[in-house]
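Chemist: Residue strings, one per chain:
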Amino acid sequence: MLQIILIMAAGIAAGWLLRRRTFKWLDTLLIVLVWALLFFLGVEAGENPAVIEGLKDLGLEALLLSIAGTAGSIAAAWALWRYINHRKGGKQ
Amino acid sequence: MKGSLIIVGFFIAGIVVGVLHLLPSIESLGNVSYITLCALIFLVGFMIGNDDEIFKKFKRLNRLYMLLPLMTIVGTLAGCAITTLLLPHRSLSECLAVGSGMGYYSLSSVLITQYKGAALGTVALLANIVREVITLLGAPLMVRWFGPLAPISVGGATTMDTTLPILTSACGKDFVIVSIFHGFIVDFSVPLLVTFFCEL
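First to last, the sequence lines map onto chains B and S.
Going by my numbering, the first sequence opens with residue 127, and the numbers climb by one from there.
Going by my numbering, the second sequence opens with residue 21, and the numbers climb by one from there.
Among the clues, some could well be false.
[What the hints assert, rightly or not] Calculated lysine-lysine pairs in the BS3-like style (CA-CA distance at most 30 Å, straight line): (1) B:Lys150 to S:Lys136; (2) S:Lys193 to B:Lys150; (3) B:Lys182 to S:Lys136.
[Stated by the list, open to error] Far from chain B, some chain S residues (derived; all Cβ distances over 12 Å): (4) Tyr135; (5) Leu212; (6) Thr215; (7) Phe216.
Derived from the structure by calculation, the hints contain no laboratory data.
Each residue gets a CB set at the ideal place from its N, CA and C atoms; glycine is no exception.
Just chain S, with the same shape it has in the complex:
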């Protein structure tokens, strides 16, 4: 709980600084967050390489964890399909297209803008940013309530990059490989699913 609260605090502080333009330019900042992410990814890699036990753990890993990407896709699409009932002006395929972004907001919003226009593209941008933020902020709580697979699943396509560090910290090092595998598969499914539902 405390872990999530501190993370929320930093994120909100960042938003306030961003809205009030307290820091210089947006371009130089995009680099700062990317460099921070690269440092984190290097660190996660370092922790994997530094741990003698971890390679043995990988071998002992249950094969069923490989089903997680499928669970993520099915669960996400089922949830978004239900949402159609609450959004009468949106078709089922539009809701599924937005959901198929699975946290990959840059790609999904660009694709959806091209196929369905800027409004739905912006919905995709916001919905998938929120999904990534939910993962980043709620990972420790989700682990406690629903087990270590839940935040990895919610992380969607981002679990091999943006959300990998927080997932490593929240789920434990044993789940790093599940997270990377999951992110890799879901990442590839995003452009396929988004364009499929847009063309439907």
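This is chain B alone, in the form it adopts within the complex:
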């Protein structure tokens, strides 16, 4: 985690030093790198025997728990989002 924080700090510093210039292609680069990351994460999951073997017996149970956790956190986050916007009286 320390490494991640340092890399981000380096990025912020670099961006700040070059703040007089605008980089319009950064959003495009971001999404392309996200695609690359997803591809490699997919390869890792596919190559991991614990993941592929476990899917057969424990997959359904795991899926159920992850969907329940996801649904619960969406509901809680949505409630907070609506509360914040309601208090402000309008959208955003």
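Based on these hints, arrange chain S on the given structure of chain B.
Modeler: Chain S only, in chain B's frame:
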């Protein structure tokens, strides 16, 4: 919608390549994905530093967003508690321990394997990988249906690293700081909550 579909496409292509072992070795690949992640984190940092307005936006940020980590933990545990009814062979504390991983699959699966054995550890591994994947693949849709806080909450402990880039792209730069703060707090809560529910 199109954004999510392309992301799903890349992920599935990756799984197929992985299952069929079309790429050389797993170790060199672990590095590739980590390097890609580091490049992304640098890029997100660069975008923050490069944006003059963003520091002002941080100051104007609603203090209530700081409640999001708490919402994530409460929502996740409530959802997993309900699941106990559908899984009669699992106790409430086991379901909550798996849920407490909040996407941090490496740590939670190792801890749960130590306390509760390999089977539940594998469930934790899979459940938390799936949660991270849901965040990565569904973030654009969740923003549209439930607002920008939803995918950050679903991202759990991963929102300051693995899922930060996609969240930046889906929720907008204004929510980068919410995402980092959220990931930081939830990250620390994972080992505490997982061991707490395992010992219960």
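Chemist: All hints are to be evaluated individually against the structure, with a verdict given for each.
Modeler: Structure-based check of all given hints:
no.: 1; hint: B:Lys150 to S:Lys136; verdict: 50 Å, violated
no.: 2; hint: S:Lys193 to B:Lys150; verdict: 14 Å, holds
no.: 3; hint: B:Lys182 to S:Lys136; verdict: 20 Å, holds
no.: 4; hint: Tyr135; verdict: 17 Å, holds
no.: 5; hint: Leu212; verdict: 15 Å, holds
no.: 6; hint: Thr215; verdict: 18 Å, holds
no.: 7; hint: Phe216; verdict: 16 Å, holds
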